[in-house]
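Asks: Read off the chains here:
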Amino acid sequence: MEQTISALSAMIAPALLIPALPLLGFILISLFGKKLGHLSGWIGSLMILGSFVSSLVLFNGIGSEGKLNFDLYEWIKFAGTSLSFGFLVDQLTLVMLLFITGIGFFIHLYSIGYMHDDEGFARFFSYLNLFVFFMLLLVMGNSYLVMFIGWEGVGLCSYLLIGFWHKNPAYNDAAKKAFVMNRIGDLGFLLAMFLLLFYFGGLDFDTVNNAAMSMEKGSGLLILTTLLLFVGASGKSAQLPLYTWLPDAMAGPTPVSALIHAATMVTAGIYMVSRSNILFIQAPPTLDVILWIGIATSVFAAVIGIKQNDIKKILAYSTVSQLGMMFAALGLGAFESGMFHVVTHAFFKALLFLGAGSVIHAMGGEQDIRKMGGLLKFTKITGFTFLIGSLAISGIPPFAGFFSKDEILANAFEGNKVAWILLSLSSMVTAFYMFRLVFLTFFGSFRGTEEQRHHLHESPITITLPLMVLAVLSVIGGFIGLPAVFSDTHTFRSFLNPVFEQGHTLVAEHAHPSHATEWMLMGIATIAAFVSIGFAWTMYMKNKTLPEPDEQLSGFSKVVANKFYVDELYDKLIVNPIKVLSDLFLVLFDKLIIDLIVNLSAILVDVTGRTYRLIQTGNTGFYVFAMVISMVLFLLFQIVL
Amino acid sequence: MLSLELLFIPLFASLLILFAKGKAARALALVFTLIQLLVTGYAYTIFKANGGAAFEFTQAWVKSPVINIHFGVDGISLLMVMLTNLLLPLIVLSGFNRETKRPHIFYALMLFMQFALNGVFLSMDAFVYYIFWELALIPIYFIAFNWGDENRGKVTIKFFIYTLVGSLLMLFGFVFLYLSSPQHSLDWNTLTQFKTCSCNQTWLFWLLFAAFAIKIPIFPFHTWQPDTYKSAPTQGTMLLSGIMLKMGTYSLIKWLLPIVPDGFKEWQAVVITLSVIGIVYASIIAIMQTDLKRLFAYSSIAHVGLIAAGVFSFTQQGLQGSLAQMFAHGINVVGLFFCADIILSRTGTLQISNLGGIRNQNRLFSSLFLIVVLGSVALPLTNGFIGEFLLLYGVFEYNTWLSVFAGLTIILGAVYMLRMFQNVMSGPDSEHISSFPPLHWNEKLVLILIGGLIILTGVFPAPILELTQPAIDNLLK
Chain H
405 MEQTISALSA MIAPALLIPA LPLLGFILIS LFGKKLGHLS GWIGSLMILG SFVSSLVLFN
465 GIGSEGKLNF DLYEWIKFAG TSLSFGFLVD QLTLVMLLFI TGIGFFIHLY SIGYMHDDEG
525 FARFFSYLNL FVFFMLLLVM GNSYLVMFIG WEGVGLCSYL LIGFWHKNPA YNDAAKKAFV
585 MNRIGDLGFL LAMFLLLFYF GGLDFDTVNN AAMSMEKGSG LLILTTLLLF VGASGKSAQL
645 PLYTWLPDAM AGPTPVSALI HAATMVTAGI YMVSRSNILF IQAPPTLDVI LWIGIATSVF
705 AAVIGIKQND IKKILAYSTV SQLGMMFAAL GLGAFESGMF HVVTHAFFKA LLFLGAGSVI
765 HAMGGEQDIR KMGGLLKFTK ITGFTFLIGS LAISGIPPFA GFFSKDEILA NAFEGNKVAW
825 ILLSLSSMVT AFYMFRLVFL TFFGSFRGTE EQRHHLHESP ITITLPLMVL AVLSVIGGFI
885 GLPAVFSDTH TFRSFLNPVF EQGHTLVAEH AHPSHATEWM LMGIATIAAF VSIGFAWTMY
945 MKNKTLPEPD EQLSGFSKVV ANKFYVDELY DKLIVNPIKV LSDLFLVLFD KLIIDLIVNL
1005 SAILVDVTGR TYRLIQTGNT GFYVFAMVIS MVLFLLFQIV L
Chain W
59 MLSLELLFIP LFASLLILFA KGKAARALAL VFTLIQLLVT GYAYTIFKAN GGAAFEFTQA
119 WVKSPVINIH FGVDGISLLM VMLTNLLLPL IVLSGFNRET KRPHIFYALM LFMQFALNGV
179 FLSMDAFVYY IFWELALIPI YFIAFNWGDE NRGKVTIKFF IYTLVGSLLM LFGFVFLYLS
239 SPQHSLDWNT LTQFKTCSCN QTWLFWLLFA AFAIKIPIFP FHTWQPDTYK SAPTQGTMLL
299 SGIMLKMGTY SLIKWLLPIV PDGFKEWQAV VITLSVIGIV YASIIAIMQT DLKRLFAYSS
359 IAHVGLIAAG VFSFTQQGLQ GSLAQMFAHG INVVGLFFCA DIILSRTGTL QISNLGGIRN
419 QNRLFSSLFL IVVLGSVALP LTNGFIGEFL LLYGVFEYNT WLSVFAGLTI ILGAVYMLRM
479 FQNVMSGPDS EHISSFPPLH WNEKLVLILI GGLIILTGVF PAPILELTQP AIDNLLK
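Going line by line, the protein sequences match chains H and W.
The numbering of the first sequence is my numbering, which starts it at 405 and goes up by one.
The numbering of the second sequence is my numbering, which starts it at 59 and goes up by one.
To be clear, the hints were calculated from the coordinates, so they are not data collected in a lab.
Glycine included, each C-beta is placed from N, C-alpha and C at the ideal position.
One or more hints might be untrue.
[As the list claims (entries may be wrong)] DSBU-like cross-link-like pairs, simulated, lysine-lysine; straight-line CA separation at most 30 Å:
1. W:Lys81 - H:Lys481
2. H:Lys439 - W:Lys502
3. H:Lys946 - H:Lys775
4. W:Lys288 - W:Lys81
5. H:Lys995 - H:Lys775
6. H:Lys821 - H:Lys621
7. H:Lys481 - W:Lys323
8. W:Lys212 - W:Lys288
9. W:Lys288 - H:Lys983
10. W:Lys288 - W:Lys106
11. H:Lys995 - W:Lys502
12. H:Lys571 - H:Lys471
13. H:Lys717 - H:Lys471
14. W:Lys535 - W:Lys323
15. H:Lys481 - W:Lys535
16. W:Lys81 - H:Lys995
17. H:Lys717 - H:Lys439
18. W:Lys288 - W:Lys216
19. W:Lys216 - H:Lys983
20. H:Lys781 - H:Lys717
21. W:Lys79 - W:Lys288
22. W:Lys502 - H:Lys571
23. H:Lys481 - H:Lys717
24. W:Lys81 - W:Lys159
25. H:Lys571 - H:Lys438
26. H:Lys995 - W:Lys79
27. H:Lys995 - H:Lys962
28. H:Lys983 - H:Lys967
29. H:Lys948 - H:Lys962
30. H:Lys571 - H:Lys784
31. H:Lys967 - H:Lys946
32. W:Lys159 - W:Lys216
33. H:Lys438 - W:Lys502
[What the hints assert, rightly or not] Chain W side only, calculated, beta carbon under 10 Å to chain H, not exhaustive:
34. Lys216
35. Ile219
36. Met346
37. Gly471
38. Ile530
39. Asn532
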């Protein structure tokens, strides 16, 4: 351990630079944003590019073996416990660093064009840089506590960016909802930290892992701790039942949806569980919970996705659904596969969101796909790259999503057939609603107004360049993890091996599927995806069906279109009772009961005073009389006793 | 001897200001509070945290009963002295662009208040401590009564009598202690070193606790507080919420825990439960408050509830957390009430439903206000997080389920604070606000200092924790 530190000490400076640059960007832009004007966009982007370069340096220096772990200073000290502010860079961190800063840079670049005319241009970039800073802290922390700083920090930035256009009350509601729902998860995280601190002896990953290794597998403590951590993860990564904030979060500017609510922040939960893989492997019942919540979320969100008509909402539900799939992978113990999907998903989902942004830009702010159509003619780059993203998410070979999804499905097939069927179903639904979106938006005839048609145009290069880069990544990104039938080495898995090998020693090695099975699974998945796409084609291209206007919905479609009324249910069950309780507490307890008792004592004094005042007559004769009587009574009292 | 200087400076300043006219009064007040801050800073630099008392001063006063004038500080009381003397210049400065009637009396009272507060935290003899405790009530009473809003009469009387009842009970407690102890001394060292009373400590506990609980206030002794915070002039509310309530929480640690340890342990479960109920109760009420100052008042009840729970968890981290949070809460709550005052002075209203859209008009104010809000909802890297983390961990160690319940504060706190921030600062421009003039230089300075402190002590809390640790180790022995 000591040796690795000294050998890698040259890496400390670039490691510190990674979060420091975005922080510097945030400070510079917040202080001088007004003077900098549009320069702040470039400054913000350059900072992230700097972090990306530093990440490459680190990638090169640490490679597939090393591990950089160092403390900056002691943050909180009490009772012999010292909680440090420290960093850990291993292979898992490197993967996260590379795609956060890489994709982050392109999304910054994109935002320069996208937010060009917004009066809050500089403010936007300051928040965006702050977000990247916290996101980097989250993945670079060497303890749960530092991770928690990043964890809550990205929540704050998410809050600020969802409510970026803060004149709109609905957007503010969405922002607040996101923060509060995340806080519910964070309470779980916090309580898990207390358990770790108290029973595992610390919060840094090494201490926790060593303690967990020596504990009895499946003990109540391990199960409770991991379940609480998962509560945190399900808040941040929008799983049932804490997912409802993510679709609303689409109120934020589109680059935000791409960066925060698709590619990076929402995958923090998957990162956290993967980071804690030893803990979770030691608690098999929790893994089961994760598996089934992941599957349920995946299917549930995919079904809702079918009936949405807002281009960003469709993508949002698809994100929830894909995150569910990643959790399912974690639940199966296939941490590498979950992380693999995190990476490919970051490529194609960022691409899809940025593409959606370009479409919205071209449509002059319109987000309803019922009013689009035939856009491919007008926005060729956007259209083709969007198509690539859709093929990737639908799992069509050889696009990136195919390989990562295939891995998850193969693991499910080996682990639990029901899980495999449900996840395959979710994939099919995904392919269907994605191509429903593609056909309705880019094909057919234009259904918008004449004015919109007149303004239809391809976006500028700062917008299309990121689209093209991400499209390339969505095509080739999957090749880092080729299945065994194509290649003997799974680059991605073997790279992450140092992070997960210890965990894998704790479980009995289950057999890898034979090549024949693998071929079969891939075949089924591919055919299923094509069938779904064909189905979408028949409906929306051949029969030219249009989604009905909201008021014509009925029966089950209406329920689905209204997202199963979950928001309304939460309002009825939780929000409204709290409001009633609030009034009740104030009026009944504070004002009536407690204050009455307080005031009663005052009234008592008042009444006593008024009563005794009657004796104070001012009549000397009466006083003398009272005095004599009293003296007699005192004497009698003395004699009797 | 430094103790005497810390008492003498504000007392002298208070008398001097009485003879000043108009603007000179507040200028003098600022100068003297700054001098006091410098002296406090000097005291901090030469203080060695070893658990014992420093800067001691002892002088026999009354022969029978034996009362000595005894001052001194340990880490715990020094932190409170620092908080007091740090906040005073900020509170004085916050009034620099406000018109105050009869400023010489106002600021003389404020400095007198500082004198009394320093006295409470410096006293090492229960009798002297009691005198300062009562002395602190007088200036704030006059400030609230003479400079408050239209309801001030009834509200101030209620506040005064309520706290006076508590003080009276405390006095009984001290008399009882004096009589029942073999040493016949009220010196803190004697009271804590020798088991003064082998009798049932229940009565003693409740006599002292009642006074502290009312001052803090702990649920259900809190009903004087929202009205008083609402009614008092903002600078008075800052004194009350920022510093004066810490007299109560400080006394729990300094005067209750070590002197009636058996009573403390006997009633630990009851009080910690009351405190946790208070957290949730006040948070839920805060959600639906329509008045900005009242909302902050209820949020304050929730926060101090957690502080009290931490103290009564009787764990190292609970006690450390309570002190860190007292320091943090002092800064944050002064920031919150100052923001409310800035809004009131520009819009003429504190009704949340009438406000909105201030962010569109004044971005700097909005950002600074947001930092205070974040400190208040305990975001990591702000001062509030350090306190809440340690406090909740303390409660957790005492009882897991109680910590889940107390932990609701991080959710409910976000709900009422963000709801407030959204309705007051965001949204479209309110028709009730014609314009929102830029911040005055003194307002800018105060808010920037508060924001800076929130982040600085959140990122580097070690000086605060190291200051108090040895004293707490001593308590827990």
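Asks: With the threshold set at 30 Å, check whether the alpha-carbon distance from lysine 81 of chain W to lysine 995 of chain H stays at or below it.
Replies: violated (41 Å)
Asks: Please verify that hint: lysine 216 of chain W, Cβ, nearest Cβ of chain H, below 10 Å or not.
Replies: Constraint on lysine 216 of chain W satisfied, holds at 8 Å.
Asks: If you draw a straight line from the CA of lysine 288 of chain W to the CA of lysine 106 of chain W, is it 30 Å or shorter?
Replies: violated (40 Å)
Asks: Are lysine 995 of chain H and lysine 962 of chain H close enough, with their CA atoms no more than 30 Å apart?
Replies: At roughly 45 Å apart (the allowed maximum being 30 Å), lysine 962 of chain H and lysine 995 of chain H break the hint.
Asks: Next pair to validate is lysine 781 of chain H with lysine 717 of chain H; report whether the Cα-Cα distance is within 30 Å.
Replies: Holds, because 24 Å separates the two Cα atoms, which is no more than 30 Å.
Asks: Given asparagine 532 of chain W as an interface hint, is its Cβ closer than 10 Å to any Cβ of chain H?
Replies: violated (13 Å)
Asks: Lysine 821 of chain H and lysine 621 of chain H: Cα distance at most 30 Å?
Replies: Between lysine 821 of chain H and lysine 621 of chain H the Cα gap is close to 25 Å, so the pair holds against 30 Å.
Asks: Going straight from one Cα to the other, do lysine 288 of chain W and lysine 81 of chain W come out at no more than 30 Å?
Replies: holds (26 Å)
Asks: Going straight from one Cα to the other, do lysine 481 of chain H and lysine 535 of chain W come out at no more than 30 Å?
Replies: holds (19 Å)
Asks: Lysine 212 of chain W and lysine 288 of chain W were given as a pair; does the straight-line alpha-carbon distance stay at or below 30 Å?
Replies: With Cα atoms ~13 Å apart, lysine 212 of chain W and lysine 288 of chain W stay inside 30 Å; holds.
Asks: Holds or violated: are the alpha carbons of lysine 967 of chain H and lysine 946 of chain H at most 30 Å from each other?
Replies: holds (28 Å)
Asks: Next pair to validate is lysine 288 of chain W with lysine 216 of chain W; report whether the Cα-Cα distance is within 30 Å.
Replies: Holds, at roughly 13 Å.
The earlier numbered hints that this structure contradicts are 1, 5, 10, 11, 12, 13, 16, 17, 23, 26, 27, 30 and 39.
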